[in-house]
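Visitor: For reference, the chains in residue letters:
Protein chains: 2
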Amino acid sequence: MATLVELIAAKRDGAELRDEDIARLIEAHGTGDLADYQMSALCMAIYFQGMSASETAALTMAMLHSGEVIDLSGVPRVKVDKHSTGGVGDKVSLCLAPLVAACGVAVPMISGRGLGHTGGTLDKLEAIAGFNVSQDMASFARIVSEVGVCMIGQTGKLAPADKRIYALRDVTATVEAIPLIVASILSKKLAEGIDGLVLDVKVGRGAFMKTVPQARELAEALVRVGEAAGKKVSALLTDMEAPLGRCIGNAIETREAIEVLHGEGASDLVACTLALGSEMLVLGGVAATAEEGTEQLRDAVTSGRGAEVFERMIEAQGGDPMVVGDPSRLPQAEQVVEVLSDQAGVVTAIDALEMGLTSVAMGAGRTRADQAVDHAVGIELCCERNEQVEAGQPLAMLHVHDPIDAEKPALRVRQAFTIDPEASTSQAAPPIVIGEVSTA
Amino acid sequence: MATLVELIAAKRDGAELRDEDIARLIEAHGTGDLADYQMSALCMAIYFQGMSASETAALTMAMLHSGEVIDLSGVPRVKVDKHSTGGVGDKVSLCLAPLVAACGVAVPMISGRGLGHTGGTLDKLEAIAGFNVSQDMASFARIVSEVGVCMIGQTGKLAPADKRIYALRDVTATVEAIPLIVASILSKKLAEGIDGLVLDVKVGRGAFMKTVPQARELAEALVRVGEAAGKKVSALLTDMEAPLGRCIGNAIETREAIEVLHGEGASDLVACTLALGSEMLVLGGVAATAEEGTEQLRDAVTSGRGAEVFERMIEAQGGDPMVVGDPSRLPQAEQVVEVLSDQAGVVTAIDALEMGLTSVAMGAGRTRADQAVDHAVGIELCCERNEQVEAGQPLAMLHVHDPIDAEKPALRVRQAFTIDPEASTSQAAPPIVIGEVSTA
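Going line by line, the protein sequences match chains F and Z. Note that the working numbering has the first sequence beginning at 199, numbered continuously upward. Note that the working numbering has the second sequence beginning at 199, numbered continuously upward.
What the hints contain is simulated information worked out from the structure, not anything from laboratory work. Keep in mind that the hints are not guaranteed to be accurate.
If you want a taste of the chain Z side facing chain F, the calculated C-beta under 8 Å gives, among others [what the hints assert, rightly or not]:
#, residue
1, Val203
2, Tyr235
3, Cys241
4, Ala243
5, Arg362
6, Leu366
Partial pick of chain Z residues on the chain F-facing surface, computed with a CB cut under 10 Å [claimed, not checked]:
#, residue
7, Ser238
8, Leu240
9, Asp600
10, Pro601
11, Ile602
Built from N, CA and C at the ideal position, the CB exists for glycine as well.
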């Protein structure tokens, strides 16, 4: 039997590791027989040599089986989740999950916190007074069963190998390796006890994947490995050049998601929510086509059933359900400072990365995992791409506690807008859904 | 200033690191600010992306300055050392160093122990009763000054960064990276306080470098970086397809080295010693040409001055100097078991790797650094390549404590000989020196 070092050397030399070798490596890392310095060298070798679909699937399964798999067999409905690779202004989960649940597909969702320029669903939920993202597995299963949706944070019991390996990758420049990204995402999602998964692979300046080919490669790997694990999986590539929707922050994003549940909201945010939701309904078997799914979701909005499910979920998780009817109950910053355009022209770009980083600098996000966030602050855009603005017209509003806090962010936010005096608004806004990957 | 992780990512992406960045990385590893798992990921990135000559030199200097540099300024003579990349039957240091010292060039030599299939100079020296390879720096300098040569083991104070990094490389499949090999060798050798260095880069089955192009690449990198550090450096590529000389073990190799000092010894061993030694005399400035150096070395043999220097060094290091005049004082195994040829023909190959591994299995070497070695046991070859042998003629003699200990090794040793019944002995024996790398 090959030694663990020989397995690292084999991967370094481009060999395909066998399923049992990959399982041994992950298990040995769990017991300490494979030291962190060996795992990080292996991750770097994988960065350079890649992994086949079969190796990536084996890695995913080995990481999945390093911990518990939630048993949701007591939930009679089909269970489908959504995962986004992360972006700026991405509050889709908050409106999507209740709408999908309202259409008859259960959504057992385990989300993360914001880090770096990307926000996190848990931080947005916690803007709701009393909302508890830490539910034990029994409560999680009960709420999914009774309400149709429950949104919680990662527990140490699910895919602990991913937690260990991700911590290493983060400090060894081995995050950007598709097989490792795939195994990290899917090992956690498969641990949720789901039947299907829709992946939102973001593309552009504000996303982890900067180009469509990169994003497509990741999406294809995710779909292939997810299906190899016996799940129904599809992926959408969606635009993340500009922030999604109009708000970047926590409470203001929650408010914006609630607007979508009430039939309002920015067109790109609504389009993204409907596209991902209809995929979930198709995978869940309650809609025959995406068009049919979209109709069902629209009906859940107009009937108020989506908003009602969100209220019930908030209540079940200890939060204040009245925010759904009255978003002014969410935390609010004392001051709103306008950022004005200094010229007339057409907004041709809004830099998602810079907006994300600025919101972090304002306190809405964190640069280290142990930092707290300020739920009230954030950036609210007043216009979108391809819109004509005049000099002196507000481009954005900064939600701050003191006007002085707005000074530096205002400069950055203004810079993040590209305004072309010569351009015309005749072009259509760029589509939010760039592509789709599915083998179904 | 870039973070340490950004520096790892830069190397991963093929960038050339600046001298000060490399110094920061090595220093941070020493303080623990760069964790072992980050250093191992960096080593794997270097494995894939390589390092420029300038980067390798910076790495070498950073590792050198992680510890002390021996001050031999009190030794009036020019100081030149030799380093071999390791092979089977390589006892050259034991006869070379006293001969070179006898010719007027001081040799402050820090050597290693055997590991895996390759032997180590320290183990061979310790076959001499009382010989102490651990000398403090003051004694080392004094013996070099008085005798002209002192041979000791690595201390924790010289290039400690190399010790830490090598330990990681050994278990993370990152040994085989030329910039890391170069920095490891040269950081230790430069710490000796030498003026010049001759490198013996072994090539072939029994060597670390299996092919001439690989060996040449390593040799060129060593010479380039050594010269960048201000030293006179040259390198020879020497054959390691077959064991060097006739003996593979500890005491029997020491005996063979003493034979060379007395003007005897196998022709390949003598040729290798003269080639390396004459280079050392040229670098040391006491010979104008290699031919002149060779003459001086031959004179040191015939005059007995080389043997006398070896005696004085042994005495100065606490050992029994009478072994030089009477090698039977060295440890001897109780039994010598002959391995007979089962056919007639010409010996076309003697597998150095297999011979090395067999000697380790007999107890002459070690597979883990913490193992003890048996000084008495070993393999003594009775013929060399290109020699005609008859069926029933001895190919080798196994030095063992009990005939039963010879059974398995005898099979392996016989297999390690390739005997071709059809070949003729008309071809010349392969030259021991394959090539030379020097910019002098």
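Visitor: Does each hint fit the structure? Answer for all of them.
Guide: A quick look at each hint next to the structure:
no.: 1; hint: Val203; verdict: 6 Å, holds
no.: 2; hint: Tyr235; verdict: 4 Å, holds
no.: 3; hint: Cys241; verdict: 7 Å, holds
no.: 4; hint: Ala243; verdict: 6 Å, holds
no.: 5; hint: Arg362; verdict: 11 Å, violated
no.: 6; hint: Leu366; verdict: 6 Å, holds
no.: 7; hint: Ser238; verdict: 4 Å, holds
no.: 8; hint: Leu240; verdict: 8 Å, holds
no.: 9; hint: Asp600; verdict: 31 Å, violated
no.: 10; hint: Pro601; verdict: 33 Å, violated
no.: 11; hint: Ile602; verdict: 29 Å, violated
The structure is inconsistent with the numbered hints 5, 9, 10, 11, although it conforms to all the rest.
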